[in-house]
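Listed below are the residues making up each chain.
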Amino acid sequence: MEATYEVLSPWAETDPLPLQGISPRVAELRSKRIGLFANYKRAAVPIQDAVEDELRARFGRDIAISRFAQSGSSDAGSSPEDGPRYAQWLEEVDAVIVAVGD
Amino acid sequence: MALVNEGFVHDARSAAASKGMPGVRFVPQKVPCECTVPEKIEAGVEAAIDDVVAALTTPLRPEEVSPPPRPSELTQGAAFSGDLAEVQRFFYNRGWTDGLPIVPPTRAAVDQMLTGTDLPPQHVVGKMIPRLGKATVEKIAINAVMAGALPTAMPLLIAGVEALLDPMSSFGTFEVSTGSWAPFYIINGPIRGQLRINGSTGALSPGDLANATIGRAMGLIVKNLGGARKGIEDMGVLGNPGKYSMVLAEHEEASPWEPQHVQLGFGSNDNCLTVSFPNSYVQLVPRGTDEKGILDTVKDRLGPYWRQLTLLVAPSQAATLAEAGWTKAALMEHLERSRPEVPSTGVGRLSGPESVRVVVVGGPGAWIGLVLGVGRWVTKPIMLPANWEGVVKKYRDYVPNYLRY
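Keeping their order, the protein sequence lines are chains A and B. Going by this note's numbering, the first residue of the first sequence is number 1, and it counts up by one from there. Going by this note's numbering, the first residue of the second sequence is number 1001, and it counts up by one from there.
Calculated directly from the structure, the hints in this document are not laboratory data. Careful: at least some of the hints might be erroneous.
As the list claims (entries may be wrong) - Simulated coverage check for chain B against chain A, where a stretch passes if three residues somewhere in it have a Cβ under 8 Å from a Cβ of chain A:
| no. | segment |
| --- | --- |
| 1 | 1020-1027 |
| 2 | 1051-1063 |
| 3 | 1106-1120 |
| 4 | 1136-1146 |
| 5 | 1214-1227 |
| 6 | 1273-1285 |
Just so it is clear, CB atoms sit at the ideal spot from N, CA and C, and this is done for glycine as well.
Model the full structure from these sequences, guided by the hints.
The following block contains the structure:
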């Protein structure tokens, strides 16, 4: 008869994670300040340039654009270099577009 | 909202969920990764911009306002019961293995593994990103059993986790990067002999229990405690066989120079683990067997673009260089000076001020190795249990005995 193995889980426990909903949407983009966040990857800024061009083509000067460039690979919100500047920037914009995935 | 390369949507969703915001809106786009062609960027963004506007303006759904609880996960107690084949299938199907069969982590086997440390099973060494899984001593032991490690590996594995969790290692970036960086562990001190960690012939080849299982256990720990799964969080494009196991001992006895940990200020009887994250390993035969032949070969192969080099010097090469007056420090400085100025890129930001380490490793022969990366080295002391000698004694007969034929 073949042996039976009762085995333990290798998968780690995590602390309960407080879940957070996303921010309310704006009704429209006109008259709003749109934040464009660029991480440190090479394509981030050119993509945000293209996003700004597309938004300008649709909304002209009816929207304001505000850029934030992360200074390193660390999470902007928690990095000592970027954290305070990032928090301030978030206060100043109505919506944020980030580009992810190289 | 996030504009996401279409191949990274699942990665982005996992990242958002692990930070407590599973409702983040993602719009896939088709701009090639790392794109430098403006026309392709513009076309990809243009195709996605209507969805971007919609993601910013469409009212929230209830689940986006109040995300539902995360599904419960199987972390405690017995995960499964079955025969060997059933256990293998269960673990593989759960995504808990590295593709190779595992040793079933039974309570008895895990308790045996825990004899390799004095730390209590529920002691949390740290939380491993991206999932922030708790790296308890017991979970480390479970993954060590799965990897086929001996209890003598436990002090090393705990030091390995500490090294990965050191922010200087940039583990959080390297473990999941498209660059397929693999953790490369160098072991120094008397523990090398006690665990029979190979630093001689074929140190980086299969066949040595310690070299093979320590790296394998660390890989399972990264996957099962940190939650970095291939193709979901670990987005390495080409992958890297070094992720199975890339562990060696410095061949201190065959070296004319101070071992790495002594260079760093540790005592020669201290045990240390050093980790870095290379993504390539090149082996060279020097053009000549004198110092010029060795050094010219290395510098020529390095070429104009490199950031971090662990130079693996076989004992015979080390002897040649030492006879010519080279110290490790002088070699490192010499190669450091040859490092070109490289334009800043994303990964370059992970580099430290130091860019060269020299490690004596290998057996007889004339090869030299370049292990190339972009980050830093992190070294941690290995803390041994009070009954270390007893634990080592119990497993000292794990030695391959090859028959002559």
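Status of each hint after checking the structure:
Under a criterion of three residues with beta carbons nearer than 8 Å to beta carbons of chain A, the stated coverage of the segment 1020-1027 of chain B is upheld, 7 such residues being counted. Counting residues of the segment 1051-1063 of chain B whose CB falls under 8 Å from any CB of chain A gives 7; the rule of at least 3 is met. With a cut-off of 8 Å between beta carbons, the segment 1106-1120 of chain B has 3 residues touching chain A; three or more are needed, and the interface restraint holds. Three residues within the 8 Å Cβ limit are the bar, and the segment 1136-1146 of chain B against chain A gives 5, so the coverage statement holds.
With 5 residues bearing a CB less than 8 Å from a CB of chain A, the segment 1214-1227 of chain B meets the requirement of three and the coverage assertion stands. Chain A is given as covering the segment 1273-1285 of chain B, and this is violated because 0 residues of the stretch bring a CB closer than 8 Å to a CB of that chain, at least three being needed.
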